[in-house]
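Novice: Protein chains in written order, with my numbering: chain R, 316 to 804; chain Y, 41 to 271.
The reader is advised that the hints may include incorrect statements.
For the chain Y half of the interface with chain R, some residues (derived, Cβ under 8 Å), not all of them [as the list claims (entries may be wrong)]:
id: 1; residue: Leu90
id: 2; residue: Gln92
id: 3; residue: Leu140
Far from chain Y, by Cβ distances over 10 Å, these chain R residues were calculated [to be verified]:
id: 4; residue: Ser429
id: 5; residue: Phe437
id: 6; residue: Val669
Since the hints were made in silico from the structure, they are not lab data.
These figures come from a predicted structure and were not determined experimentally.
Glycine included, every Cβ here is placed at the ideal spot set by N, Cα and C.
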Amino acid sequence: MFKKFASLQWKSFFRSPNFGKSLAVKILMGFFAVYMLIVLAAMGVASYFILKDIFPDQSPMWSISQYMIYWILIELFFRYFMQKLPVMDIKPFLTTPVKKSTIAHYILGRSAASIYNLLSLFFFVPFCIVLLFQGYSFLNVSLWLVSIMAIVLGINYINLLINKSDKALIALGTIIAVLYGLDYFGLFSVKDFFAPIFHALYAYPITVLVPIALAVLIYYLNYKYLHNKIYLDASLKPKDVQVNASDLAWTKKLGDMGTFLQLDLKMIWRNKRTKSQVWISLLFVFYGLIFYTQDIYAEMMPMKAFLGVFMTGIFLSNFGQFIPAWDSSYYSMMMSQNIPLRKYLESKALLISVSVIFMFLLTIPYVYFGWEALAINFGCALYNLGVNIPVILFFGSFNKKRIELDQSPFGNMQGTSANQFLIMLPVLIVPILIFTLFYYLISVEAAVIVLSVMGIAGLAMRNFLLDKVTQQYRKKKYGMIAGFKQKNS
Amino acid sequence: MIITQNLTKKYGKQTVLNIEHLEIPTGQSFGLVGNNGAGKTTFFSLLLDLIQPTSGHIDNNGVQVNTSEEWKPFTSSFIDETFLIGYLTPEEYFYFIGDLRGQNKADVDALLAQFDDFFHGEILGQKKYLRDLSKGNQKKAGIVASFIGNPEVVILDEPFANLDPTTQIRLKAIIKDLAAKENVTVLVSSHDLIHVTEVCERIVVLNKGEVVKDIKTSTETLKELETFFAG
Numbered sequence: 316m317f318k319k320f321a322s323l324q325w326k327s328f329f330r331s332p333n334f335g336k337s338l339a340v341k342i343l344m345g346f347f348a349v350y351m352l353i354v355l356a357a358m359g360v361a362s363y364f365i366l367k368d369i370f371p372d373q374s375p376m377w378s379i380s381q382y383m384i385y386w387i388l389i390e391l392f393f394r395y396f397m398q399k400l401p402v403m404d405i406k407p408f409l410t411t412p413v414k415k416s417t418i419a420h421y422i423l424g425r426s427a428a429s430i431y432n433l434l435s436l437f438f439f440v441p442f443c444i445v446l447l448f449q450g451y452s453f454l455n456v457s458l459w460l461v462s463i464m465a466i467v468l469g470i471n472y473i474n475l476l477i478n479k480s481d482k483a484l485i486a487l488g489t490i491i492a493v494l495y496g497l498d499y500f501g502l503f504s505v506k507d508f509f510a511p512i513f514h515a516l517y518a519y520p521i522t523v524l525v526p527i528a529l530a531v532l533i534y535y536l537n538y539k540y541l542h543n544k545i546y547l548d549a550s551l552k553p554k555d556v557q558v559n560a561s562d563l564a565w566t567k568k569l570g571d572m573g574t575f576l577q578l579d580l581k582m583i584w585r586n587k588r589t590k591s592q593v594w595i596s597l598l599f600v601f602y603g604l605i606f607y608t609q610d611i612y613a614e615m616m617p618m619k620a621f622l623g624v625f626m627t628g629i630f631l632s633n634f635g636q637f638i639p640a641w642d643s644s645y646y647s648m649m650m651s652q653n654i655p656l657r658k659y660l661e662s663k664a665l666l667i668s669v670s671v672i673f674m675f676l677l678t679i680p681y682v683y684f685g686w687e688a689l690a691i692n693f694g695c696a697l698y699n700l701g702v703n704i705p706v707i708l709f710f711g712s713f714n715k716k717r718i719e720l721d722q723s724p725f726g727n728m729q730g731t732s733a734n735q736f737l738i739m740l741p742v743l744i745v746p747i748l749i750f751t752l753f754y755y756l757i758s759v760e761a762a763v764i765v766l767s768v769m770g771i772a773g774l775a776m777r778n779f780l781l782d783k784v785t786q787q788y789r790k791k792k793y794g795m796i797a798g799f800k801q802k803n804s
Numbered sequence: 041m042i043i044t045q046n047l048t049k050k051y052g053k054q055t056v057l058n059i060e061h062l063e064i065p066t067g068q069s070f071g072l073v074g075n076n077g078a079g080k081t082t083f084f085s086l087l088l089d090l091i092q093p094t095s096g097h098i099d100n101n102g103v104q105v106n107t108s109e110e111w112k113p114f115t116s117s118f119i120d121e122t123f124l125i126g127y128l129t130p131e132e133y134f135y136f137i138g139d140l141r142g143q144n145k146a147d148v149d150a151l152l153a154q155f156d157d158f159f160h161g162e163i164l165g166q167k168k169y170l171r172d173l174s175k176g177n178q179k180k181a182g183i184v185a186s187f188i189g190n191p192e193v194v195i196l197d198e199p200f201a202n203l204d205p206t207t208q209i210r211l212k213a214i215i216k217d218l219a220a221k222e223n224v225t226v227l228v229s230s231h232d233l234i235h236v237t238e239v240c241e242r243i244v245v246l247n248k249g250e251v252v253k254d255i256k257t258s259t260e261t262l263k264e265l266e267t268f269f270a271g
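Please take these sequences and the hints and turn them into a complete structure.
Specialist: So, in structure tokens, the structure goes:
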């Protein structure tokens, strides 16, 4: 029976209407995945030596045990976004003579083969090989690897259990922050507290039974839960969500545009995919820390321009690139309704503008790393406002792929086509090139001024540009309507 | 007055719609029947400029629909669930449509009050999003939304499908009321011959994209249609 399910899965993948249509995207994603795996494996090899280098007086095994608790928590945190719940179209099987337990085991078993579980293996297996070469005991290392695999599976199944509630995510985030805070301020050494526990997995091979038992237990809980839910009205039907009604009356002050702005805000808050876009965008404020805290990048101004465009424009690119596909499920209604297309686009532009300004305000603290940081971010924000918003709206008219709003947000390629990669070129690369050019020809100040002036010019021509974009949307209307009707993309 | 002139729609070599001339006078209640694939939805989609005609055109009250958008203010429609916005509550959806058609909250509320019976207490005040309503209830919401803003042309594709018997009967009364207003043109398509003969003054039968019958409804119409479809 498992074999049959697996073959159905296979067919659903290869016979999906969009298979082959977006080959370019698939190849690109493939390259990206291979790249990620190679990086992970390299990190696995390197981390032994890095840990040895940073903590010369303790065994790398001990060092890695210290951080194990953070790895588990952070992986759980990210999986909440990244990992899709395993879904199978089980409706047709409910009335066939297939045992419910088989279905449940299959669904759970399949999630064990998830790419996210493989990712950790790509890190830990090379790490273990290095350990062996360094003369660690074979028995201990191999059983330790087994423990790690059990922990990974445990994480996998815990995620399936908690993935339904936002509260779990907030709790996880809080725990991570609190633990790290305790560590950082030296109030309580979380690392030292957990290190012996995780190190024991290596030191005493018999303890491998503990993570295995835990993984089995969590699997069993999942199984119980799922088994009871294989009914049409339980797991298959999404829960009726209680409405969080706020009338957003203030949007009325914006007149015609307010109607659409209100709709957009509701869309963002009431759908999982859009909502997580907002959270992710906010998290990217910290992206700059990775670079600004390292001396190598201190003199690399083009890098800072990249950060400026990226951080202030993260919502612009994340949300903007899929306009108007966000409205794809009801696009034909929008097009037959009494809708001024112009106002519709203006409201999107306004929403993105607000996000750019907001993100810029959040990046102001980077002034700590020097006034250039602030100046560059300011110039980039202006460029985003003036130039990138019309550009991304224009490219939106090439979107023809439907987005199902209520489906899980991450690793979700819905609505993605080669278009999404093409957009990145003008939006991200062009401003960096302009900046770099003027930076090397003249100075940082000049480069920032050029970006700002372009942004202001764009703002001044906003009306004209939006007119052009509106015309473009009119022209592409039929293609969009037809494309958005294609389900299962 | 809706005038269709030499209208064809082809996909590749296949002609899915070919109407030489069809006039629907203002105020008429117009029924469109035909088997699956006869071209009913294609015709409505062309009328709403959701797809492009291969040749010919439709004029809606003097506005050619594929060149101007001036027909939108006086035309409203409900084709299928994709006309609904899933993450809104029915109330929010009605107000949104109201906003688009220049109706304030009070106007919309006044209109909705007339449909209390039709909603049967399952639409308003449910604290549910449209996507969480049953198919039938979604349809009710969509149909009523198409009455907002005093439209002069109302287009309903298969309004009776998926509705329970009580609601079907109420919907018939509503459509009759609407059609009785002097300047409201109602276009309805249906697979249900009984319903459509009851509410429409005129019935056009499409078969493989062509108009094969154009009947002014009388007591014999139902019989005539049944004979036709029995083949």
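Novice: Are Y:Gln92 and chain R close enough, Cβ to Cβ, to be under 8 Å, as the hint says?
Specialist: holds, 5 Å
Novice: Check the non-interface label on R:Ser429: least C-beta distance to chain Y beyond 10 Å or not.
Specialist: Its Cβ never comes within 10 Å of chain Y, the nearest being 28 Å, so this holds.
Novice: Quick check for students: does the CB of R:Val669 sit more than 10 Å from each CB in chain Y?
Specialist: For R:Val669, whose nearest Cβ neighbour in chain Y is about 20 Å away, the distance exceeds 10 Å, so it holds.
Novice: Beyond 10 Å from chain Y, beta-carbon-wise, is R:Phe437?
Specialist: holds, 38 Å
Novice: Quick check on the hint: Y:Leu90 CB to chain R CB, less than 8 Å?
Specialist: Nearest chain R Cβ about 5 Å off; hint holds.
Novice: Identify whether the interface hint at Y:Leu140 stands, where standing means a beta carbon of chain R within less than 8 Å of its own.
Specialist: holds, 5 Å
Violated hints: none; the structure is consistent with every hint.
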